[in-house]
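Protein sequences appear in the order of chains B and U. Per numbering that gives the first Met the number 0, the very first residue in the first sequence carries number 0; after that it's consecutive. Per numbering that gives the first Met the number 0, the very first residue in the second sequence carries number 0; after that it's consecutive.
Please keep in mind that the hints were generated in silico from the structure rather than gathered at the bench. Beta carbons: idealized from backbone N, C-alpha and C, even for Gly. Hints may contain errors.
What the hints assert, rightly or not - Footprint (simulated), chain B over chain U, 3 or more residues, beta carbon under 8 Å: (1) 202 to 212; (2) 293 to 306; (3) 468 to 479.
Stated by the list, open to error - With beta-carbon atoms standing in for the labels, derived distance ranges: (4) U:Leu-750 to B:Tyr-138: 50 to 58 Å; (5) B:Phe-64 to U:Asp-460: 36 to 44 Å; (6) U:Asp-257 to B:Asp-51: 17 to 25 Å; (7) U:Lys-590 to B:Phe-122: 51 to 59 Å; (8) U:Asp-257 to B:Phe-122: 42 to 50 Å.
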Amino acid sequence: MFAYLTRRIAYAFPILLGVNLLVFVLFFYVNTPKNMAETILGEKRVTQEQIDNWLREHNYHLPRFVNLQERFPSTFTQTIFWQKSMGLFAFRFGQSDVDNHDISAELRKRIPHSVALALPIFFASLLITIAAAMIVAFYRATYIDYVALVTCVLMMSISLLFYIIGGQYLFAIHLRLAPVSGYDAQFPHLVKFLILPVFIGLIGSIGGGVRYYRTIFLEEINKDYVRTARAKGLGEGTVLFKHALRNALLPILTNVIVSIPFLIMGNLLLENFFGIPGLGSYMIEAIGKQDFAVIRSMAFLGSVLYIGALIIVEVSYSIADPRIRLQ
Amino acid sequence: MRLNLFARTAFCVLTHRRIPAIITPMELRVTGGGRAGVTGMALLLVASCSNNPYRPDETAESAYFSTFATPPTKLDPTSAYYSHEGAIIDQIYEPPFTYHYLKRPYELVPMTATAIPAPVYLDAGGAVLPETDATADRVKRVQYTIKIQPGIRYQDHPCFARTPDGRSVYADAAAADLEQYEYPSSFPEQASRTLKAADYALQIRRLADPRLASPIFSTVARYVEGLTELQQTYTEMIEAARAARREAAGAGYNQEQDEKANPLVIDYMAPELPGCVVVDELTYRITLTTRYPQILYWMSMHFFAPVPQEAIDFYALPSVTAAQFSLNRCPVGTGAYYLETFRPNELIVLEENPNYHGDVYPSEGEPGDREAGLLVDAGKPVPFIRRQVYRMEKEAIPSWNKFLQGYVDASGIASDVFDQAIEMAAGNDPSLSPAMAGKGMRLLTDIRTMLWWTAFNFKDDVVGGLAPERFKLRQAISIALDYNEHLDVFFNGRGLAAQGPIPPGIYGYRAGEAGTNPFTDVWDPIRAKHVRQPIEEARQLMVEAGYPDGLTPDGQPLTLYLDHAAGLDPQFRSRFQWMQRGLDRIGIKLKERGTDLSRFRAKRNSGEWQISSSGWLADYPDPENFLFLFYGPNGKVDHGGPNTCNYASEEFDELFRQLETMNNGPERMALIDRAMHVIQRDAPAVWQFYPVSFSLAHQWYHNFKPHQMSYSTVRFRRIDAATRVRFQAAWNRPRWEIVAGALAVLVVLGLPGMIRVWRSERRSA
């Protein structure tokens, strides 16, 4: 397994380099450093000299990939790509282009806020959706199943934005049970700011989750080993929840583990509407301000987390199912 | 305890137990600790159920609560330029002058200076010229000598804390030791010192630091003697230091990261700057190369506020830099407040500065201020408010709802909620809706010193140029676009149709009939407002312009293009259609050419556009600050200046040159009138409107008068915290009875099903 993991981690480097390159090309060929400077410096009283100074201060005056005015190895190191992107592999995220704040420090500050919101949603959603999906699968083709189907489709069809605005109106304004928005990281004050966004995030995730897990459970139910278990005279509950559930663990694990990066990267809508200073709102702000330094750092971090999660999924397969060997 | 169906299911899933718990009721018991935990969590959740976004008793203090939508990114007085940044730092930094809080038109008053200095005009030989002889051609130097008040002290700050041998007490601190503090206000060692004239001189020099990209440098460098040369000297000093560092570091040198870890410090005071000289400890002198009375307005802004050398040195310490403290995020000032917490994406807190030199509430205002209760606190020491709390609200609706709940003391009015807040009866002034009036709110309106216009590109072959047929075409377009209607449709009437580039509140603006644009508007005495001339006038102008019925000489409809970068603005489409309908009345077909902002800027810089919208918010209350936007030598394409229209009229330019540096008076007013006539005739733009700001204030928020020029006005405002707490409690009692009723309905509706499932389980067992 060690060799396998080493190989998988080694594979990650070209992927990360590719992601870096893609983000770089997309950003700098669609939007030049000069455009960035104009956006960041603003419209009023900006001269060409100020734009040139800004580019100089942020190393954007350098060539993109090859600096022919320098001797090797500076030909490659004194370029925007090297100066801005290669440090990421050492997790040196550098400074924001807009206000020079340290991106690593900002990530450290914001990740706990994103996690504080996403973790309760994640666990509560997991608990409720799996339990509800099993109940619905157990009562398949009954009124409970039909009602659940309609309810889930309805819940999936409604935009999260509607839940947010409706939730704020109902719980914060009409019932006066939670603040409209805001955040206070200190416990227990944190609780009252998280109740509503967590509840709304939960409502927004239940519909799709229940349908997904129900499909997995029903797929297992039609397999031969289930028929065998029934033939042995086992009760329906035992068949479903002991045999079928354990065999359905792989897709559940996949779904759960690949969700982990999103827990850290934050929820764009919920964070934005509830004023939670997490990574989701960080990304939105960076895009709005054309802060390439933050965008590339977030893209890189997202890639690392996603690749890491996929490796963990593969390892967890071998743990959940002894028949799977990592070679 | 008996667990419900979901909990039992979840329990079984997570523990791999047999699920028959669902179909055969099974008692699952949790431990006493678990029970206490569950009960505690439930109690915490219930106890947390309140819509109050603050901590208990936080609103009982003399504190002001507000929101902000855009995080401030620059708090350095050299580079901060946007209003949301000024709203914070203008309360911390004190330039020598400020504006009177109540008087209108805006009037400069001393802030840290002892008086507003009079200019001293010098001729080529250095002799003093009397004001009457101080014509632009004779004046070779202008001096302003500013004397500051003695005994003004900075806020307490770690940069002033010194060891007995005069070193900073944090000079040898490790970054890890400093990282435990969220902000400099929480450092254990703090000190202060008195304000000196040298602090002002230092800040004026910092305007020339190319790394700080001061937005006003290019403007003031034209006037302050030696400032341009100083920037060249600083650039050379910086480049020399960088070259040495790179030489030492080798090929892998990364300037940005290196200077983050080891800031490159230059001695600002080493080079000479003849335009700013420290006369004595409390006096400094500014020397200009020409007449420029507007310098006093610039000197009332934070760009000219003092910065202590200790702060520059402190923030250059590697440990302080590594702990993420900088002058750009942690200001050091002498103002009524200091920044206590700065989390730009969450919370900003300003606290009363205990070292504040003191000021008193003004005893005079403009007519009506006494009746409005704005002079009740006359002569009392300020600030009244001890603490200001700003919480981030990116969306307008949550912020508005918090205002309605009493958790925000004052608010603007978004278009979405305008009808909820304001009643606009025909012919009457706007008034509060009964719902708002019932809550004791007050409505305050103020015409903003701002202008919106639709620009024509003078480099364009169709709409540009000074030939009579061209300005007649532009006049016809101006008449066809009725901005009174536009204001009603899109802005709930919140604005005043513009007659020219100078807005109300700025010297040179003429109100009423005298201010009518004779080429496009007429004065309606019944409605007491300007209205567009009849559309027939526009059609006649189209004939004279060579486009009868909007047709070109080859019989094709005249097609014009609106260039914009507003594709993502949800209201753009309807505004564009409104413009299309307006121009359709004179036969012009309007099409759009939308691009992203970067491409739009490039088009504007190269002059490859035809019609587009622009806006300008006044920096200071002088007509020059608006008319310079149309001055030929400021043309965007030819000179890279702010004149985006590229309008170049020798007649206008000559008038502008004469009035630009003149003191206000009848002679200047006459020149302004002539310049206005020229620019109204040439119509380089459709003058859209001057926006009117609508603000709502709760009954406990006193002395609130909108101010368009200064942000350091919170110190004059007062909060009645006891009243606020009383109303917040009355307006926000949780409605548990509705929750209980809803739960009861759910139980009643669900009961038959639960009984059926329970019976089915019993049968199966």
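Hint by hint, here is what the structure shows:
With a cut-off of 8 Å between beta carbons, the region 202 to 212 of chain U has 3 residues touching chain B; three or more are needed, and the interface restraint holds. Under a criterion of three residues with beta carbons nearer than 8 Å to beta carbons of chain B, the stated coverage of the region 293 to 306 of chain U fails, only 0 such residues being counted. Note: the region 468 to 479 of chain U has 0 residues with beta-carbon separation from chain B under 8 Å; the three-residue rule is not met and the coverage is violated. Roughly 18 Å separates the CB atoms of Leu-750 (chain U) and Tyr-138 (chain B), a value that falls outside the hinted 50 to 58 Å.
A beta carbon spacing of about 41 Å between Phe-64 (chain B) and Asp-460 (chain U) agrees with the range 36 to 44 Å that was offered as a hint. At about 21 Å, the CB distance of Asp-257 (chain U) to Asp-51 (chain B) agrees with the hint of 17 to 25 Å. At roughly 54 Å, the beta-carbon separation of Lys-590 (chain U) and Phe-122 (chain B) lies within the given 51 to 59 Å, and the hint holds. At about 44 Å, the beta-carbon gap between Asp-257 (chain U) and Phe-122 (chain B) stays in the expected band of 42 to 50 Å.
When held up to the earlier numbered hints, the structure conflicts with 2, 3 and 4 and fits the remainder.
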